[in-house]
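Given the structure of chain Y, go ahead and fit chain H onto it with the hints provided.
For the protein sequence lines, the chains are Y and H, in the order given. So in numbering that gives the first Met the number 0, spot 160 of the first sequence is number 159, and the numbers just go up one at a time. So in numbering that gives the first Met the number 0, spot 16 of the second sequence is number 15, and the numbers just go up one at a time.
Think of the hints as simulated: they come from the structure by calculation, not from any bench. We put the beta carbon where it would ideally sit given N, CA and C, even for glycine. There's no promise every hint is true.
Capping the alpha-carbon separation at 27 Å, the derived lysine-lysine pairs in DSSO-like fashion look like this [as the list claims (entries may be wrong)]:
{"no.": "1", "chain 1": "Y", "residue 1": "Lys305", "chain 2": "H", "residue 2": "Lys85"}
{"no.": "2", "chain 1": "Y", "residue 1": "Lys305", "chain 2": "H", "residue 2": "Lys82"}
{"no.": "3", "chain 1": "H", "residue 1": "Lys85", "chain 2": "Y", "residue 2": "Lys313"}
{"no.": "4", "chain 1": "H", "residue 1": "Lys88", "chain 2": "Y", "residue 2": "Lys305"}
{"no.": "5", "chain 1": "Y", "residue 1": "Lys685", "chain 2": "Y", "residue 2": "Lys700"}
{"no.": "6", "chain 1": "H", "residue 1": "Lys7", "chain 2": "Y", "residue 2": "Lys305"}
{"no.": "7", "chain 1": "Y", "residue 1": "Lys662", "chain 2": "Y", "residue 2": "Lys627"}
{"no.": "8", "chain 1": "H", "residue 1": "Lys85", "chain 2": "Y", "residue 2": "Lys154"}
{"no.": "9", "chain 1": "H", "residue 1": "Lys88", "chain 2": "Y", "residue 2": "Lys203"}
{"no.": "10", "chain 1": "H", "residue 1": "Lys85", "chain 2": "H", "residue 2": "Lys28"}
{"no.": "11", "chain 1": "H", "residue 1": "Lys28", "chain 2": "Y", "residue 2": "Lys399"}
{"no.": "12", "chain 1": "Y", "residue 1": "Lys703", "chain 2": "Y", "residue 2": "Lys657"}
{"no.": "13", "chain 1": "H", "residue 1": "Lys85", "chain 2": "Y", "residue 2": "Lys662"}
{"no.": "14", "chain 1": "H", "residue 1": "Lys82", "chain 2": "Y", "residue 2": "Lys203"}
{"no.": "15", "chain 1": "Y", "residue 1": "Lys703", "chain 2": "Y", "residue 2": "Lys685"}
{"no.": "16", "chain 1": "Y", "residue 1": "Lys724", "chain 2": "Y", "residue 2": "Lys662"}
{"no.": "17", "chain 1": "Y", "residue 1": "Lys305", "chain 2": "Y", "residue 2": "Lys154"}
{"no.": "18", "chain 1": "Y", "residue 1": "Lys722", "chain 2": "Y", "residue 2": "Lys662"}
{"no.": "19", "chain 1": "Y", "residue 1": "Lys154", "chain 2": "H", "residue 2": "Lys88"}
{"no.": "20", "chain 1": "Y", "residue 1": "Lys662", "chain 2": "Y", "residue 2": "Lys643"}
{"no.": "21", "chain 1": "H", "residue 1": "Lys28", "chain 2": "Y", "residue 2": "Lys313"}
{"no.": "22", "chain 1": "Y", "residue 1": "Lys700", "chain 2": "Y", "residue 2": "Lys724"}
{"no.": "23", "chain 1": "Y", "residue 1": "Lys312", "chain 2": "H", "residue 2": "Lys85"}
{"no.": "24", "chain 1": "H", "residue 1": "Lys85", "chain 2": "Y", "residue 2": "Lys203"}
{"no.": "25", "chain 1": "H", "residue 1": "Lys82", "chain 2": "Y", "residue 2": "Lys313"}
{"no.": "26", "chain 1": "H", "residue 1": "Lys88", "chain 2": "Y", "residue 2": "Lys312"}
{"no.": "27", "chain 1": "H", "residue 1": "Lys28", "chain 2": "Y", "residue 2": "Lys305"}
Not the full set, but computed from the structure, chain H residues with beta-carbon under 8 Å of chain Y [what the hints assert, rightly or not]:
{"no.": "28", "residue": "Tyr20"}
{"no.": "29", "residue": "Asn25"}
{"no.": "30", "residue": "Tyr47"}
{"no.": "31", "residue": "Val71"}
{"no.": "32", "residue": "Glu86"}
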Amino acid sequence: MVSTKMDKSPADLLASPGLASLLKSLKLKTKQQELLIRVSILCLVYVLAFITRLFSVLRYESMIHEFDPYFNYRVTQYLTQKGFYEFWNWFDSESWYPLGRIIGGTLYPGLMVTAALIYWILRFLRFAVHIREVCVLTAPFFASNTTLVAYFFGKELWDSGAGLVAAALIAICPGYISRSVAGSYDNEGVAIFALLLTFYLFVKAVNTGSLAWALASAFGYFYMVSAWGGYVFIINLIPLYVLVLLITGRYSMRLYVAYNSMYVLGMLLAMQIRFVGFQHVQSGEHMAAMGVFFLMQVFYFLDWVKYLLNDPKKFHTFLRITVTSAVGLGVIALGVGTASGYISPWTGRFYSLLDPTYAKDHIPIIASVSEHQPTAWSSFMFDFHILLLLFPAGLYFCFKRLSDATIFIVMYGLTSMYFAGVMVRLILVATPAVCLISAIAVSATIKNLTQLVRAKGKPNPVGPGKGTSGTKASSKGSPDQSMPFQRNGAIALLLGVFYLLTRYAVHCTWVTSEAYSSPSIVLAARGAHGNRVIFDDYREAYFWLRQNTPPDAKVMSWWDYGYQITAMGNRTVIVDNNTWNNTHIATVGRAMSSYEDEAYEIMRSLDVDYVLVVFGGVTGYSSDDINKFLWMVRIGGGVFPVIKEPDYLVNGEYRVDKGAAPKMLNCLMYKLSYYRFGELTTEYGKPPGYDRARGVEIGNKDIKLEHLEEAFTTSNWIIRIYKVKPPNNRW
Amino acid sequence: MGRSATTKDAQALFHSLRTAYAATPNNLKIIDLYIVFAVVTAVIQVVYMAIVGSFPFNSFLSGVLSCVGTAVLAVSLRIQVNKENKEFKDLPPERAFADFVLCNLVLHLVIMNFLG
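Okay, chain Y solo, but in the shape it has when bound (with noise of 0.2 Å):
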């Protein structure tokens, strides 16, 4: 399409008179010239999007990171060691004790599945290799596919240029480094490149108007739904993209064939997921993919009519006959299926990012999870740095060549950066369509500056079949005086872009380095004489909890820690990550703020036989129980009333120490954190008792336990452990 002169000049830029030699003694054509920059420059690409990830593997060990990601490891576990159909149909008694959870009906099997096949594949090519190392490294090997894909996007919304400059910014964007660092083995890892090759193949379908591409875009739609419940975005944005171009009237042939066989090979696909179920056709998220079906169905239908007709008057009175009946089924179809609740509406989760106030008032959960809260500036630019200002510039050259692709990044990217904005793990679904637009403003601008360093003064201008760019040149080519300042013009701009993008470049490896490598697991700080101390109290925490402990123990916390007790301790937990049923933590929320008598006839009735706390006050340590408490008494009194909030608090204030709320002194989470506390100096110069993580001495020193007994506390007090004695014999 575009000719070979303008592919070739960024890369001609790159090609000093070393490298020109160099290539012209291969005796190569400028064809294959161009052809080799390109693939050196992806190879390079795509190393460095690996190794980027790698800073917590080399500075702590090979380990699975966060939360979350445990899980996925203990199931990819299973999944290794009895088979496939046994992980498909596996009822997990190990975790929310006494429920049990059906694990095979209730998860997205795609990253695991992938990190399975990776295991299978190099077992079969015998690399003796564990299955942790492959979980490990399952995101950043991702991650550069993303990349190619990001190649081949840009590739096709602009030209191989704008894809070379789109695979090197997504490379190390911290947006997506924070999700997919080594050792982050969650889905989201997986679930950005099946995001991206979705799109790409659909906008691909689209462009060509061919079957076989409409059907590889309905695998990787199936693909994404197996990998993250995002997949909602999909289903929507595409729908919406439709009625965009029927709206503006781009619509063609080729937008009904892609989008018809994906969707309808895509639905049936995606309901072979058991955890999505026949949610295609029974949920309100998902109902915009159908109406736009079925009004394709009747517009094309018209369409047709009035090209076999040829006559305006006789299609208009077909028009008003079959228009009216068609809307108003349609109309009566949705009313009787929303009022009558078959078609549930929008679930909390994603109704929340339509109305960002929904979860603070209705559903406490929701709102506690830090990532849901909505995005700060300073998070913006944190992650997309100069992005965000090539972001527009990028809107504005899409907006001049607009065509069914560049609709489709146009929307994809306003959409994206609509929700970014409400929550802040969502910078991470916005970010493949930022690198894109910029990319596109990048090359464009580059390709511009370069066609006019390289103009040479012509006498007499050229006519305006040369090229777009040419003639911006050739425009002001007459007067010679004018060139030489033009030319230092275009070089000093070329060279402020290429120092834009080396700070770029700089700002993301030292973000990646210092904010996104952490495994939260281990925690690292700075000693007395500057030298790192490791913290490591997690896995003490957990491995002496799975050498101590009877198999069968019960060990009650707060959800946060569920998986990963499960994970590496291999003991039953009463609740976990999954946080599916609310009550089972509210009954959990409610032991830790009552008083230890009550909290003592709860646990009883869980068959609980370990309470685990995690507590900050020694190491300074900010996310620990005692700061996420008020959490557990907002959700504990969300479902019993007897929990109130204000019991807790002294005139609004959340405070621990001598002035705190006599409730709050004497709640069971307060004794199990603070008990034998008050002995411990924790730093030189203030009384013994004082907590490093509030700043204060802490109220109540002189803590009894009754019913519990101190079973382990680690060596920077960071977890401890209680074990719940028996009842006492009666009398």
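Only chain H this time, still in chain Y's reference frame:
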């Protein structure tokens, strides 16, 4: 008076539609017949479900969606094979038919898995 005008309009409409449709080539008419067959089968299944109840919902869905799916794919084939569509004039009809067969194969394999 308005009513007879409407019926006369409708009759004229039908007449012109019929004459225009008679002009389409035979291979497209065969595809149209296949589409009508698929849609009628889907309607029969929906009526049956309304009478008997939707208990194995996955079976009902797979039956209806296989009809709808083949109809949609046949329409796509008709679009690609129709000589009057300028966008597809470079596409050889054998390639269009091969794509059609491949998509139908995938569709029916998924249906067989979903039937339960």
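Each hint, compared with the structure:
1. Y:Lys305 / H:Lys85: Status holds; Cα separation ~17 Å.
2. Y:Lys305 / H:Lys82: With Cα atoms ~18 Å apart, Lys305 of chain Y and Lys82 of chain H stay inside 27 Å; holds.
3. H:Lys85 / Y:Lys313: OK: Lys85 of chain H and Lys313 of chain Y at ~25 Å, within 27 Å.
4. H:Lys88 / Y:Lys305: 21 Å, holds
5. Y:Lys685 / Y:Lys700: 15 Å, holds
6. H:Lys7 / Y:Lys305: 19 Å, holds
7. Y:Lys662 / Y:Lys627: Status holds; Cα separation ~16 Å.
8. H:Lys85 / Y:Lys154: 25 Å, holds
9. H:Lys88 / Y:Lys203: 18 Å, holds
10. H:Lys85 / H:Lys28: Status holds; Cα separation ~20 Å.
11. H:Lys28 / Y:Lys399: 43 Å, violated
12. Y:Lys703 / Y:Lys657: Measuring from Cα to Cα gives roughly 17 Å; hence the hint holds.
13. H:Lys85 / Y:Lys662: 78 Å, violated
14. H:Lys82 / Y:Lys203: With Cα atoms ~23 Å apart, Lys82 of chain H and Lys203 of chain Y stay inside 27 Å; holds.
15. Y:Lys703 / Y:Lys685: Holds, because 24 Å separates the two Cα atoms, which is no more than 27 Å.
16. Y:Lys724 / Y:Lys662: 23 Å, holds
17. Y:Lys305 / Y:Lys154: 37 Å, violated
18. Y:Lys722 / Y:Lys662: Measuring from Cα to Cα gives roughly 23 Å; hence the hint holds.
19. Y:Lys154 / H:Lys88: 24 Å, holds
20. Y:Lys662 / Y:Lys643: 10 Å, holds
21. H:Lys28 / Y:Lys313: 23 Å, holds
22. Y:Lys700 / Y:Lys724: 22 Å, holds
23. Y:Lys312 / H:Lys85: 26 Å, holds
24. H:Lys85 / Y:Lys203: Given that 27 Å is the threshold and the Cα spacing comes to 19 Å, the pair holds.
25. H:Lys82 / Y:Lys313: Given that 27 Å is the threshold and the Cα spacing comes to 25 Å, the pair holds.
26. H:Lys88 / Y:Lys312: 31 Å, violated
27. H:Lys28 / Y:Lys305: 18 Å, holds
28. Tyr20: 6 Å, holds
29. Asn25: 16 Å, violated
30. Tyr47: 17 Å, violated
31. Val71: OK, holds: Val71 of chain H within 8 Å of chain Y, min 5 Å.
32. Glu86: OK, holds: Glu86 of chain H within 8 Å of chain Y, min 6 Å.
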